[in-house]
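**Student:** The lines below spell out each chain.
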Amino acid sequence: MSKTSQAIAEREVALVDLVDRLLGGGVVIAGEITLAVADVDLVHVSLRALVSSVEKARPQEP
Amino acid sequence: MIELLAITDDPVAPPPPLRLVPAGPVAVVVGPAPEGEVDAEALWDRESLLEDLMDERALLPIRYGTRVEDDAAAAAAVVPRGAELAAALERVRGAVEVSVRAIAPEGEEAGDVGAVHARLSGLAREHARHDGPEPLRAAYLVDRAGVDVFVAAVRELQQEHRGLSILCTGPWPPYSFAEPR
Chain A
25 MSKTSQAIAE REVALVDLVD RLLGGGVVIA GEITLAVADV DLVHVSLRAL VSSVEKARPQ
85 EP
Chain D
276 MIELLAITDD PVAPPPPLRL VPAGPVAVVV GPAPEGEVDA EALWDRESLL EDLMDERALL
336 PIRYGTRVED DAAAAAAVVP RGAELAAALE RVRGAVEVSV RAIAPEGEEA GDVGAVHARL
396 SGLAREHARH DGPEPLRAAY LVDRAGVDVF VAAVRELQQE HRGLSILCTG PWPPYSFAEP
456 R
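Protein chains in written order, with this note's numbering: chain A, 25 to 86; chain D, 276 to 456.
Keep in mind that a hint or two might mislead.
What the hints assert, rightly or not - The calculated label-pair distances, taken between Cβ atoms and stated as ranges, are:
id, chain 1, residue 1, chain 2, residue 2, range
1, D, 438, A, 54, 40 to 48 Å
2, D, 390, A, 54, 36 to 44 Å
3, A, 54, D, 394, 26 to 34 Å
4, D, 317, A, 48, 34 to 42 Å
5, D, 427, A, 54, 17 to 25 Å
6, A, 54, D, 387, 18 to 26 Å
7, A, 54, D, 437, 42 to 50 Å
Hints in this document: simulated from the structure, not taken from any laboratory. Where is the CB? At the ideal position from N, CA and C, for every residue including glycine.
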């Protein structure tokens with residue numbers, strides 16, 4: 025992977041982890057919870073991008 | 276409406292526009308509720324706020340998107356759980372969360388993720404393993420002073436388990452250790 029695509033992949037990994045934590049972690053306190061559906065889509069999109077970038081990064085077997 | 280960001284027991288006021296609302300033995304960090312569409316940039320901005328706060332004080336992040344009408348409502352929602360949250364703050368004090376995923380490319384053996392998890396758990400105060408599409412999706416509560424050793428162990432494990440891609444991010448606020456388990 026080039027340095028740039030490496031940086032993009034790292035940010036995608038971190039975004040998956042961030043969204044995971046924001047939506048599934050933290051103290052649950054009574055109140056109104058506002059969640060955009062787009063956030064959930066973000067997780068799936070990022071994870072797909074991540075998995076494909078990992079596969080691309082693997083050296084080809086001879 | 277105000278957004279609830281974190282629970283702390285540090286009396287020092289956070290930087291504006293954030294404020295501290297006392298709630299029994301603890302306090303709630305609150306801020307103006309953001310309006311409009313949420314995008315990745317907004318999520319990162321919120322994360323930076325929490326990370327800056329975390330550098331100065333022990334805190335428990337509150338579930339993203341939690342809003343109440345005003346300060347009185349914030350205190351009323353938190354006070355009944357005050358003792359429990361104060362205990363949770365003690366559990367995370369001086370520690371940060373590190374995320375680790377192990378991904379196995381399609382069609383390959385998942386490898387020995389159990390060994391990876393066991394080694395990393397041994398370096399952590401607490402750990403939480405979550406279900407996910409990957410063979411290993413876990414969070415580790417690591418002493419601040421132990422983060423470098425933890426990351427070095429992740430690198431070694433990656434060398435030992437070539438069939439896996441081990442993805443490590445952090446340090447995060449203790450999202451996965453905020454609720455009693």
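**Student:** Against each hint, give a clear statement of whether it holds in the structure.
**Tutor:** Each hint tested on the structure:
1. D:438 - A:54: 40 to 48 Å: Given range 40 to 48 Å: holds, Cβ gap about 45 Å.
2. D:390 - A:54: 36 to 44 Å: Hint holds: Cβ distance 41 Å, inside 36 to 44 Å.
3. A:54 - D:394: 26 to 34 Å: 39 Å, violated
4. D:317 - A:48: 34 to 42 Å: 18 Å, violated
5. D:427 - A:54: 17 to 25 Å: 42 Å, violated
6. A:54 - D:387: 18 to 26 Å: 43 Å, violated
7. A:54 - D:437: 42 to 50 Å: 48 Å, holds
Taken one by one, the earlier hints fail for this structure at numbers 3, 4, 5 and 6, listed in ascending order.
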